[in-house]
Amino acid sequence: MSGYLEGVLVLLAVNVVFAYGGFLPLAAGQLNLGLAGFAAIGAYASAYLSNVFKLAPLVAIPLAGIIAGAVALVVAVPVLRTRGIYLALATFALGQIVQAGILNLEVVGGAAGYPVAAFIRLPTIAATAVIVVALVWLLFATRFGLAVIAVHDDEGAADLIGIDVRAFQIAAFALGSAIAGVGGGLYAHHFSFIEAQYFNISLSITIVLYVLLGGTQTVVGPLLGAAVFTLLPELLRASAHWRYVAFAAAVIVIMALRPEGLVTGAQLRRLFGFTRAEHVGLPKERTG
Amino acid sequence: MSATDPILRLESVSKHFGGLRVIEDLTLAVRRGVRTALIGPNGAGKTTVFNLITGVFPVDAGRILLDGADITGTPSRLRIRHGIARSFQNIRLMPHLSTLENVMVGQHCRNPGLRGVLQPVNLVPRNRWREAARAALANAALIQYERSTVGNLPYGVQKRIELVRALMAQPRLLLLDEPAAGLNPAETEALQAQLEKVCAGGGLTVLVVEHDMHFVGALCEAVIVLDFGRKIAEGSPEEIRHNLLVQETYLGTPAAEPMEQHRAYSA
Numbered sequence: 001m002s003g004y005l006e007g008v009l010v011l012l013a014v015n016v017v018f019a020y021g022g023f024l025p026l027a028a029g030q031l032n033l034g035l036a037g038f039a040a041i042g043a044y045a046s047a048y049l050s051n052v053f054k055l056a057p058l059v060a061i062p063l064a065g066i067i068a069g070a071v072a073l074v075v076a077v078p079v080l081r082t083r084g085i086y087l088a089l090a091t092f093a094l095g096q097i098v099q100a101g102i103l104n105l106e107v108v109g110g111a112a113g114y115p116v117a118a119f120i121r122l123p124t125i126a127a128t129a130v131i132v133v134a135l136v137w138l139l140f141a142t143r144f145g146l147a148v149i150a151v152h153d154d155e156g157a158a159d160l161i162g163i164d165v166r167a168f169q170i171a172a173f174a175l176g177s178a179i180a181g182v183g184g185g186l187y188a189h190h191f192s193f194i195e196a197q198y199f200n201i202s203l204s205i206t207i208v209l210y211v212l213l214g215g216t217q218t219v220v221g222p223l224l225g226a227a228v229f230t231l232l233p234e235l236l237r238a239s240a241h242w243r244y245v246a247f248a249a250a251v252i253v254i255m256a257l258r259p260e261g262l263v264t265g266a267q268l269r270r271l272f273g274f275t276r277a278e279h280v281g282l283p284k285e286r287t288g
Numbered sequence: 001m002s003a004t005d006p007i008l009r010l011e012s013v014s015k016h017f018g019g020l021r022v023i024e025d026l027t028l029a030v031r032r033g034v035r036t037a038l039i040g041p042n043g044a045g046k047t048t049v050f051n052l053i054t055g056v057f058p059v060d061a062g063r064i065l066l067d068g069a070d071i072t073g074t075p076s077r078l079r080i081r082h083g084i085a086r087s088f089q090n091i092r093l094m095p096h097l098s099t100l101e102n103v104m105v106g107q108h109c110r111n112p113g114l115r116g117v118l119q120p121v122n123l124v125p126r127n128r129w130r131e132a133a134r135a136a137l138a139n140a141a142l143i144q145y146e147r148s149t150v151g152n153l154p155y156g157v158q159k160r161i162e163l164v165r166a167l168m169a170q171p172r173l174l175l176l177d178e179p180a181a182g183l184n185p186a187e188t189e190a191l192q193a194q195l196e197k198v199c200a201g202g203g204l205t206v207l208v209v210e211h212d213m214h215f216v217g218a219l220c221e222a223v224i225v226l227d228f229g230r231k232i233a234e235g236s237p238e239e240i241r242h243n244l245l246v247q248e249t250y251l252g253t254p255a256a257e258p259m260e261q262h263r264a265y266s267a
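One line per chain: the protein sequences are A and B, in this order.
If you read the first sequence in the working numbering, its first letter stands for residue 1, the second for the next number, and so on.
If you read the second sequence in the working numbering, its first letter stands for residue 1, the second for the next number, and so on.
Hints are not guaranteed to be accurate.
Label pairs and their computed distance ranges (CB to CB) [said to hold, decoys possible]:
id: 1; chain 1: A; residue 1: Arg83; chain 2: B; residue 2: Leu245; range: 41 to 51 Å
id: 2; chain 1: B; residue 1: Gly19; chain 2: A; residue 2: Ile201; range: 45 to 55 Å
id: 3; chain 1: B; residue 1: Leu20; chain 2: A; residue 2: Leu271; range: 49 to 59 Å
id: 4; chain 1: B; residue 1: Asn184; chain 2: A; residue 2: Ile66; range: 54 to 64 Å
id: 5; chain 1: B; residue 1: Arg126; chain 2: A; residue 2: Arg166; range: 41 to 51 Å
id: 6; chain 1: A; residue 1: Leu105; chain 2: B; residue 2: Phe57; range: 41 to 51 Å
id: 7; chain 1: A; residue 1: Leu271; chain 2: B; residue 2: Glu239; range: 53 to 63 Å
id: 8; chain 1: B; residue 1: Glu24; chain 2: A; residue 2: Leu271; range: 54 to 64 Å
id: 9; chain 1: A; residue 1: Pro115; chain 2: B; residue 2: Leu123; range: 35 to 45 Å
id: 10; chain 1: B; residue 1: Glu239; chain 2: A; residue 2: Leu73; range: 57 to 67 Å
id: 11; chain 1: B; residue 1: Gly252; chain 2: A; residue 2: Leu73; range: 51 to 61 Å
id: 12; chain 1: A; residue 1: Ile97; chain 2: B; residue 2: Ser14; range: 28 to 38 Å
These aren't lab readings, by the way, just hints derived from the structure by calculation.
Built from N, CA and C at the ideal position, the CB exists for glycine as well.
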């Protein structure tokens with residue numbers, strides 16, 4: 001396998017993991033613009049655990065995910081009191097705080113960056129990505145998935161049905177952050193060097209874009225979103241610097257044509273050959 | 001407990017929104033097993049009564065008792081575990097879920113704790129909760145819609161799905177907010193048949209807000225009339241039909257054309 005191809009596939013696998021980190025809160029109707037901060041916590045925690053305590057990456061990375069999730073759990077309580085645009089701003093600020101904190105942490109190199117000794121290759125990273133996708137898929141096949149989407153669709157009705165809206169929002173936020181932490185750990189151990197500048201707001205926005213463009217309603221959406229938007233710029237590489245223009249244009253076209261994302265729940269139910277009941281064709285009397 | 005003891009009691013309940021007195025010193029009782037209608041002009045406070053019973057709003061004064069237990073301070077999320085389920089005036093199904101998934105969401109309160117939450121309802125085809133939800137849909141003659149995304153279904157079908165979802169909580173008290181509003185005659189008939197089937201088993205008390213007096217007359221055994229947040233009459237549908245005060249404020253006199261009542265506010 002060429003170095004280029006391996007590099008692209010590693011990036012794809014890491015982005016898929018990040019995308020699921022963004023998917024969980026978005027599925028519950030919450031925008032987390034601080035994902036890069038949790039990815040940074042995961043990356044630095046994993047690097048530190050392997051550099052200092054000589055833990056194997058396969059031990060350090062899951063631990064780093066747990067640490068990122070635990071931090072998210074603590075901050076979720078105040079942060080998730082805000083809603084809508086304020087939640088987006090609060091999580092954005094959270095990401096900035098993490099980044100600024102790392103820049104001032106001399107024990108992990110501060111602004112100079114932090115070398116990571118233990119190295120992992122594509123098979124490990126790809127396997128981890130597969131495990132993450134499988135776990136999220138399993139989780140969403142349980143009542144948890146139903147409750148999260150119910151909270152997304154109608155918080156008030158979900159509450160009266162007996163769903164603890166806040167608990168599910170906090171759980172989705174913390175689990176998503178833990179997954180972002182795992183993604184950060186994978187990144188750190190493959191690229192062998194991390195710096196706070198990498199985990200900036202544009203990483204958070206890119207992750208959110210994967211999910212929004214792929215679709216927030218099904219577990220397939222983030223996978224497709226991350227795949228399309230990791231591979232598309234590579235395929236467009238031939239057109240040199242125009243590729244970013246073409247990429248941005250593709251984003252706008254998809255948003256215009258598929259406002260709910262490339263994959264939606266209704267579409268999957270159709271695709272999988274479920275019979276369309278006789279109601280189709282009946283006029284819709286009211287949208288309620 | 002006798003068969004006619006109240007399953008629900010509101011004692012001197014008041015609710016104000018700012019200076020607006022929506023519910024004023026309201027005392028009412030819904031007898032166990034008696035299908036009861038709550039009627040009154042627009043803005044009389046009917047939906048507010050439902051919102052107070054389900055805890056969407058806290059009461060400003062008074063007590064709410066369910067089966068003798070004081071639930072006045074119980075958070076809205078926990079009231080369904082006391083056996084109160086409801087439907088909404090405007091359908092509030094989860095538009096991104098399928099019909100079957102919506103009905104399974106209705107089982108949530110019977111699946112407490114981590115074990116309940118991790119029930120693999122969409123993974124194991126023979127999962128007992130999934131089977132129960134399918135059986136309920138089949139029973140309501142809605143099984144052909146189980147895989148459909150609810151947002152795309154006709155209004156009348158959505159209303160009936162909402163009823164099935166509410167019943168999945170196995171409530172003792174079912175609150176229906178204008179179940180027949182916006183339905184065509186065939187859909188109203190289907191809904192009424194479904195409701196009669198539900199009530200036939202006993203053990204369930206239905207309190208329904210409804211403007212369609214034919215529907216009320218056919219379904220309900222008792223009627224409570226509200227106006228300006230106060231109870232102005234109660235009795236059997238027949239008594240209410242002939243109550244002069246109710247005719248004047250709401251139903252219209254037989255001689256005159258029934259007039260739509262318009263109030264400055266709605267609740």
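Under the constraints set out in the numbered hints, which ones does this structure not fulfil?
5 and 12
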